[in-house]
Amino acid sequence: MEDTWYNLIMEEEKVFENVRAVIEKSIGKPKSEIQPKHTLFDELGIDSIDLVDILFELEFLYGVELKISDIEKKAREQLGDTPYEIEGYITAEGLQVIQDFLPELNKDQLKEGITVHQLVKVFTVQSLCKIVIFRIEEENAKKV
Amino acid sequence: MKIVLVGAYGYTGRIICEMLQEQQIRFTAAGKDEGQISQLLACFPAIEATKIIDISQPEMLPDFIAQFDLFINCAGPFTEESQEFVKAVANSEKKYYLDISGELNYVRRSRENYHETAKANQTLLIHACAFESFIADLGYQLLSKGMNHIKSIKTYYHFEKSRPSPGTKITMKLSALRKFDMIKNSAWQVISSVSDQETVKWRDSEPLQAVPYPLPEVAFFHWQTQAEQIGSYMLLEKEASLFVGTKTPNEAAIPEQLELLKQRKGSGPSAEERKQQQSTLYIEISGEDSQKKRLRLICEDMYQITASCIGLLVDQIRAGKCHEKGVLRPAVCFSDERTVLQKLGVEVQQTEEIGE
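For the protein sequence lines, the chains are W and A, in the order given. Sequential numbering from 1 applies to the first sequence in this note's numbering. Sequential numbering from 1 applies to the second sequence in this note's numbering.
Isolated chain W (complex conformation) (with noise of 0.2 Å):
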């Protein structure tokens, strides 16, 4: 059991760190400058060219297709016949999914009445190497 969670550690230190390289590359800001609390959008200012930039380097680099909504994805998954959200804003339950899978993201601003476009706002590159290790998980359950 230790030993698993020693490897997901690890794992996701190695992928943090090659986010943080990719992001480096297409936004040229020091690797030192870019922590995992970092919000893409607002403290990165990385624009959409750079997140299409981005998301092809890691792809490249594991071999498997990302989005940015694959958050989203999952948490539908995770919630089955529950409603994700209703026109757009994203139900409690909904909520609830995105922060067990994402307690860093900031609490003040996931709180009832947010959209599902204003969710992808306050992803943090913490959120995108959890979508990178989700999609590798994902990929991987396929081949067994």
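Simulated from the structure, these hints should not be mistaken for laboratory data. Accuracy of the hints is not assured; some may be wrong.
[As the list claims (entries may be wrong)] Here are the simulated DSS-like cross-link-like pairs (lysine-lysine), alpha carbons at most 27 Å apart as the crow flies:
hint, chain 1, residue 1, chain 2, residue 2
1, W, Lys73, A, Lys161
2, W, Lys29, A, Lys201
3, W, Lys14, A, Lys161
4, A, Lys265, W, Lys67
5, W, Lys74, A, Lys94
6, W, Lys74, A, Lys161
7, W, Lys31, A, Lys262
8, A, Lys247, W, Lys29
9, W, Lys25, A, Lys275
10, W, Lys73, W, Lys143
11, A, Lys179, W, Lys25
12, A, Lys247, W, Lys67
13, A, Lys265, A, Lys151
14, W, Lys111, A, Lys238
15, W, Lys121, A, Lys184
16, A, Lys145, A, Lys184
17, A, Lys161, W, Lys29
18, A, Lys201, W, Lys67
Assemble the complex: chain W is given as a structure, and chain A must be docked to it using the hints.
The following block gives chain A in isolation, referenced to the frame of chain W:
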């Protein structure tokens, strides 16, 4: 015919070297960096000579231009690197010029400034002989046959597994700093990549967000129609489109940004990776009778397609089949679009006709 390839050692330049070599076409390789140019000599026996030239320096151009008949220019970003070169070629007699630019403003200005001069000099300049706009130009020519009074023309690009070359990446990143126009109410008007977005839905796909992205075909279509609306868009999932508009257009910042981007230049996709590339171009036109036509073009290996675009145009020029002169669009040299698209490896997958 003396042919020179400028920017021969760049990512796409090298693929064009391979293509010219396969077609057994002898050419001169040119560029700024002596070391990189001489390395090419060892790889490509089709190179008959090399030239060291900085095409942004006007004083170097007359002597250089006098030595060749056909110029293939891969030295981007074209707005910053190639304006003087285009001007000098347009001012010379009986020359041919092809480039692979994907920059709308640059192509538009070239036509506005040099079309008449080039025509008078019996010189032909064709910009954007590359994956996006050449394919769009051929696709439009095919789709618009038999259709009168076209009101609107739009191209939409959806890229998957399509990691771009270092040069494409620089062009795309600089585009966020440039103001750009597209055609609205039959005239060039400033477009906002945020407020001029559209949501589009194709028959068998999820809705996607169409984000305005300035590509040369907007100018190509405007040169040949009176359409009220002409635009080119990148299709992004809604979530990714929310990251549009983080940067404010600031043309004064471009030179510094360009230097920084050049320093961070990485490698482009390998030949193996390129074979996995997938991109879809949708062309939609509508006429006055509310008739709407759509074409879907499926492309793989975008950079090989670009090299093939250049190859086909070189063949046409050498065969004396490009009679018109001036600053023209690439499809003007071809009449059988379907065959050309097939030769380029582009799949014309679907045409929808929708009456509203």
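Hint by hint, here is what the structure shows:
Taking the CA atoms of Lys73 (chain W) and Lys161 (chain A), the gap is about 20 Å. The hint holds against a cut of 27 Å. Among the hinted pairs, Lys29 (chain W) with Lys201 (chain A) is inconsistent with the structure: their alpha-carbon atoms are about 36 Å apart, more than 27 Å. Taken as a hint, the Lys14 (chain W) and Lys161 (chain A) pair is honoured in the structure, with Cα atoms around 23 Å apart against an allowance of 27 Å. For the suggested pair Lys265 (chain A) and Lys67 (chain W), the alpha carbons sit about 24 Å apart, so the restraint of at most 27 Å is met.
With a C-alpha separation of about 61 Å, the suggested pair Lys74 (chain W) and Lys94 (chain A) falls outside the 27 Å cut-off, and the hint is violated. Note on Lys74 (chain W) and Lys161 (chain A): the hinted pairing holds, with a Cα-Cα distance of about 22 Å set against a maximum of 27 Å. This hinted pair checks out: Lys31 (chain W) and Lys262 (chain A) have alpha carbons roughly 18 Å apart, not beyond 27 Å. At roughly 15 Å between alpha-carbon atoms, Lys247 (chain A) and Lys29 (chain W) fall within 27 Å of each other, so this suggested pair holds.
Between Lys25 (chain W) and Lys275 (chain A) the alpha-carbon distance is near 24 Å, which keeps this suggested pair within the 27 Å criterion. Simply put, Lys73 (chain W) and Lys143 (chain W) have alpha-carbon atoms about 20 Å apart, close enough for the 27 Å limit, and the pair holds. For the proposed pair Lys179 (chain A) and Lys25 (chain W), the alpha carbon gap of about 25 Å is at most 27 Å, so the pair holds. At roughly 22 Å between alpha-carbon atoms, Lys247 (chain A) and Lys67 (chain W) fall within 27 Å of each other, so this suggested pair holds.
The straight-line distance between the Cα atoms of Lys265 (chain A) and Lys151 (chain A) is roughly 41 Å, outside the 27 Å bound, and the hint therefore fails. Annotation: proposed proximity of Lys111 (chain W) to Lys238 (chain A) holds, straight-line Cα distance about 21 Å (limit 27 Å). Proposed proximity of Lys121 (chain W) and Lys184 (chain A) is contradicted: the alpha carbons are some 31 Å apart, above 27 Å. Our distance criterion of 27 Å between C-alpha atoms is met by Lys145 (chain A) and Lys184 (chain A), whose separation comes to about 23 Å.
Between the alpha carbons of Lys161 (chain A) and Lys29 (chain W) the distance comes to roughly 25 Å, so the proposed pair stays at or under 27 Å and holds. Restraint check for Lys201 (chain A) and Lys67 (chain W): satisfied, since their Cα atoms lie roughly 18 Å apart, inside the 27 Å limit.
Taken one by one, the earlier hints fail for this structure at numbers 2, 5, 13, 15, listed in ascending order.
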